[in-house]
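J.: Spelled out from the first residue to the last, the chains are:
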Amino acid sequence: MHKIWLIIQREYLTRVRKKSFIIMTLLTPLLLAAFMIVPAWLVTISDSAETVMVLDESGLFADKLEDKKDLKFLPLAGTLDQAKTVYRETDNTALLYIPRDFSISEPEKVVIYSKKSASLQTKVRLENALEKEVENQRFIASGMERETLEKIKADISLTTINLSDEGERDSSVVANSIAGVAGAVIIYFFIFMYGVQIMRGVIEEKTNRIIEVIISSVKPFQLMMGKVVGIAAVGLTQFLLWIVLSLIVVGGVQSAFGVKPPPTPLEQMASGREAALGEEVDDADAQAQEEDRAAKVVSESMAAISNLNFPLILGSFLFYFLGGYLLYGSLFGAIGAAVDNETDTQQFMFPITIPLIISFIMSYTLVLKNPDGPVAFWMSIIPLTSPIVMMVRVPFGVPAWELLLSMALLVLGFVFTTWIAARIYRIGILMYGKKINYKELSKWLFYRV
Amino acid sequence: MSILKIDGVTKRYSNHTALDNVSFEIPTGCIFGLLGPNGAGKTSLIRIITQITGADSGEVYFKGERLKPAHIKDIGYLPEERGLYKKMKVGEQLLYLAQLKGLSKDEAKTRIKEWIDRFEIKEWMGKQIEDLSKGMQQKVQFIATVMHEPALIILDEPFSGFDPINANLIKDEILRLRERGATIIFSTHRMESVEELCDYIALINRSRKVLDGPVKEVKDAYKTDTYQIIGNGHLLVTSPDFEVLEQHESHGIFRANIKLLNNTKPNDLLAYLIPRVEIHSFIELVPSINDIFIRKVKETHHA
Numbered sequence: 001m002h003k004i005w006l007i008i009q010r011e012y013l014t015r016v017r018k019k020s021f022i023i024m025t026l027l028t029p030l031l032l033a034a035f036m037i038v039p040a041w042l043v044t045i046s047d048s049a050e051t052v053m054v055l056d057e058s059g060l061f062a063d064k065l066e067d068k069k070d071l072k073f074l075p076l077a078g079t080l081d082q083a084k085t086v087y088r089e090t091d092n093t094a095l096l097y098i099p100r101d102f103s104i105s106e107p108e109k110v111v112i113y114s115k116k117s118a119s120l121q122t123k124v125r126l127e128n129a130l131e132k133e134v135e136n137q138r139f140i141a142s143g144m145e146r147e148t149l150e151k152i153k154a155d156i157s158l159t160t161i162n163l164s165d166e167g168e169r170d171s172s173v174v175a176n177s178i179a180g181v182a183g184a185v186i187i188y189f190f191i192f193m194y195g196v197q198i199m200r201g202v203i204e205e206k207t208n209r210i211i212e213v214i215i216s217s218v219k220p221f222q223l224m225m226g227k228v229v230g231i232a233a234v235g236l237t238q239f240l241l242w243i244v245l246s247l248i249v250v251g252g253v254q255s256a257f258g259v260k261p262p263p264t265p266l267e268q269m270a271s272g273r274e275a276a277l278g279e280e281v282d283d284a285d286a287q288a289q290e291e292d293r294a295a296k297v298v299s300e301s302m303a304a305i306s307n308l309n310f311p312l313i314l315g316s317f318l319f320y321f322l323g324g325y326l327l328y329g330s331l332f333g334a335i336g337a338a339v340d341n342e343t344d345t346q347q348f349m350f351p352i353t354i355p356l357i358i359s360f361i362m363s364y365t366l367v368l369k370n371p372d373g374p375v376a377f378w379m380s381i382i383p384l385t386s387p388i389v390m391m392v393r394v395p396f397g398v399p400a401w402e403l404l405l406s407m408a409l410l411v412l413g414f415v416f417t418t419w420i421a422a423r424i425y426r427i428g429i430l431m432y433g434k435k436i437n438y439k440e441l442s443k444w445l446f447y448r449v
Numbered sequence: 001m002s003i004l005k006i007d008g009v010t011k012r013y014s015n016h017t018a019l020d021n022v023s024f025e026i027p028t029g030c031i032f033g034l035l036g037p038n039g040a041g042k043t044s045l046i047r048i049i050t051q052i053t054g055a056d057s058g059e060v061y062f063k064g065e066r067l068k069p070a071h072i073k074d075i076g077y078l079p080e081e082r083g084l085y086k087k088m089k090v091g092e093q094l095l096y097l098a099q100l101k102g103l104s105k106d107e108a109k110t111r112i113k114e115w116i117d118r119f120e121i122k123e124w125m126g127k128q129i130e131d132l133s134k135g136m137q138q139k140v141q142f143i144a145t146v147m148h149e150p151a152l153i154i155l156d157e158p159f160s161g162f163d164p165i166n167a168n169l170i171k172d173e174i175l176r177l178r179e180r181g182a183t184i185i186f187s188t189h190r191m192e193s194v195e196e197l198c199d200y201i202a203l204i205n206r207s208r209k210v211l212d213g214p215v216k217e218v219k220d221a222y223k224t225d226t227y228q229i230i231g232n233g234h235l236l237v238t239s240p241d242f243e244v245l246e247q248h249e250s251h252g253i254f255r256a257n258i259k260l261l262n263n264t265k266p267n268d269l270l271a272y273l274i275p276r277v278e279i280h281s282f283i284e285l286v287p288s289i290n291d292i293f294i295r296k297v298k299e300t301h302h303a
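Quick mapping for you: the protein sequence lines, in order, are chains L and R. So the first sequence is numbered by the working numbering: it starts at 1 and just counts up by one. So the second sequence is numbered by the working numbering: it starts at 1 and just counts up by one.
Mixed in with the good hints there might be a few duds.
List time: in silico PhoX-like cross-link candidates among lysine-lysine, alpha-carbon distance up to 25 Å [what the hints assert, rightly or not]:
1. R:Lys86 to L:Lys219
2. R:Lys86 to L:Lys434
3. R:Lys298 to L:Lys3
4. R:Lys259 to R:Lys298
5. L:Lys3 to R:Lys259
6. R:Lys171 to R:Lys105
Derived list of chain L stretches under chain R, where covered just means 3 residues or more per stretch with a C-beta under 8 Å from a C-beta of chain R [unchecked claim]:
7. 3-12
8. 119-129
Hints in this document: simulated from the structure, not taken from any laboratory. Glycine included, every Cβ here is placed at the ideal spot set by N, Cα and C.
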């Protein structure tokens with residue numbers, strides 16, 4: 001045990017002291033800060049107003065097109081050709097031409113002339129402005145007021161409540177999905193990043209030929225496990241530092257610059273929903289209303305988040321995080337032992353990466369859509385896929401027996417892959433200059449050493 | 001008493017036998033040459049002694065006990081393929097390897113200090129292995145091998161990669177370690193160093209032991225009662241007791257290899273020669289270990 005501890009220490013310290021580790025650990029929170037600052041900064045610089053010249057031969061829109069903060073209208077008179085000449089001499093964004101025969105019953109034939117082709121955004125905004133005015137005029141024509149319509153419109157947002165044995169619990173599908181997918185993504189990347197580090201470490205020891213010195217002092221299994229555990233500690237350290245540093249950086253940026261963080265996925269989803277409702281966000285009232293509603297969604301989501309079963313999610317995250325890593329980690333170690341250099345690893349990496357990638361893809365497609373379906377069930381029970389898939393399911397609520405079965409199988413799976421890996425490892429580390437295939441590898445499982 | 005007893009050890013791999021019923025003993029406090037051509041099974045045997053692998057059958061006894069994990073700290077092993085962690089500092093590396101052998105941290109530090117003073121390499125301690133020359137790396141590895149003061153030190157081709165000065169340094173260290181009571185197994189296929197250092201040898205060829213014993217006995221067993229005589233005069237041997245194997249003459253100086261027959265003694269040859277020629281030198285031609293090695297290897301190949 002003492003020797004494993006020494007190995008863990010070495011694996012941990014040599015990696016944590018590496019420049020690449022320190023840079024990665026510091027850079028990631030800084031990148032995060034950049035992601036906060038840059039969009040905010042971009043918003044402030046792209047604020048320059050656009051001016052659109054309007055030649056309205058129909059006279060329907062005279063003075064009706066309201067200037068906005070970043071979109072100004074400049075009425076022109078005269079013929080189209082004159083207007084075009086005038087427009088060419090200016091820096092204005094576009095020339096909006098409303099022909100004489102335009103009518104609210106047949107709102108066609110409007111043309112935008114622009115020096116550069118008009119951006120989609122400009123086009124949509126102009127269309128919105130015109131549509132609104134046409135609608136207004138139609139309201140007037142039909143004898144109905146716009147305000148009446150606003151009153152008629154309904155605003156409904158559904159609150160979902162989980163009915164479970166423990167009673168009612170507010171839940172939000174969105175919050176559940178985010179919590180689950182975030183956990184799964186972290187586990188996925190952790191397994192890959194640090195699994196490959198294990199593999200590289202083994203290859204390094206093999207190509208350095210230090211392996212023979214080490215295993216004349218310790219058992220190959222001790223060396224392998226020391227490496228797996230040591231690197232796990234490196235990963236945990238990195239994540240912990242990321243969380244701490246990110247909190248510091250985010251807090252620092254917010255207080256120092258007063259920058260509002262970019263919309264969280266929740267807010268984005270909220271505004272996406274609003275957009276889907278076909279709401280127009282033009283006049284100030286609607287904007288305020290919009291903000292209210294977004295705030296409502298956010299606060300609902302916050303409520304949903306605080307309603308998530310955090311101890312359970314965090315507990316299972318840690319379990320599947322370590323379980324998944326240990327399950328795959330020793331296999332990565334075995335691959336490292338079976339080859340002489342990194343270029344030979346490809347053929348053996350394949351069977352390991354396939355279940356990981358499949359469970360990753362499945363987790364945010366099928367599993368997210370139907371967290372209790374048969375695919376989700378089986379993939380969250382089978383140890384090779386369960387660390388990722390079960391993590392997605394947990395926030396939606398999983399029956400206790402399924403969770404326990406999945407965890408028990410993961411432990412068994414870990415013991416089994418470690419057994420296989422150790423058998424390949426003990427032979428492989430002393431084998432040089434031989435191209436290994438699967439047949440050879442399977443023989444190693446039953447060699448006596 | 002022997003420090004190591006190898007008793008009928010056999011090791012098979014899937015398609016060949018690496019060791020076939022090999023037995024011999026290594027006396028305590030000697031330098032033991034484990035000889036054999038490449039691929040003879042030396043490394044397999046060493047890996048069994050260092051408990052990297054196990055024998056399929058047969059036993060190895062260390063100080064009279066069956067080999068067990070507790071013996072690891074009494075054995076130091078310098079593999080033929082040298083290797084250290086390239087990105088690790090010399091001092092840290094030595095500390096780590098010593099601790100893996102079971103030394104406490106403080107003990108390891110004291111030993112490291114002794115060795116860096118002895119080899120005068122203090123300024124290397126903070127350097128990474130990859131920044132050292134190959135010879136320096138070898139020295140560091142030698143220290144790592146013997147630092148925990150093992151009773152049995154196994155050196156696989158210890159001089160390969162050393163320049164003559166450092167090779168001598170290592171040679172002196174090996175002799176010093178023997179004086180302090182350590183037993184050294186010296187695995188090599190280069191014979192010149194064997195004759196100089198080894199007290200005992202075992203020769204392995206094609207996974208079998210073909211020969212073992214004290215160097216002197218082995219040589220005596222292979223000597224052919226042949227003498228080389230250099231002298232002045234015209235030599236013509238006509239006695240049936242002596243057979244001239246080879247003879248050269250130039251500028252009145254002759255050189256002849258003469259074999260004694262019919263149980264005659266060297267003095268008989270001298271008595272026969274003295275009245276006839278002027279003798280400048282008279283040397284017994286003892287076969288070198290190299291000759292014996294080549295002869296035995298050829299024999300087993302023909303067998």
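J.: Which numbered conditions among the earlier hints are violated in the structure presented, ordered from lowest to highest?
T.: Result: hints 3, 5, 6, 8 break, sorted rising.
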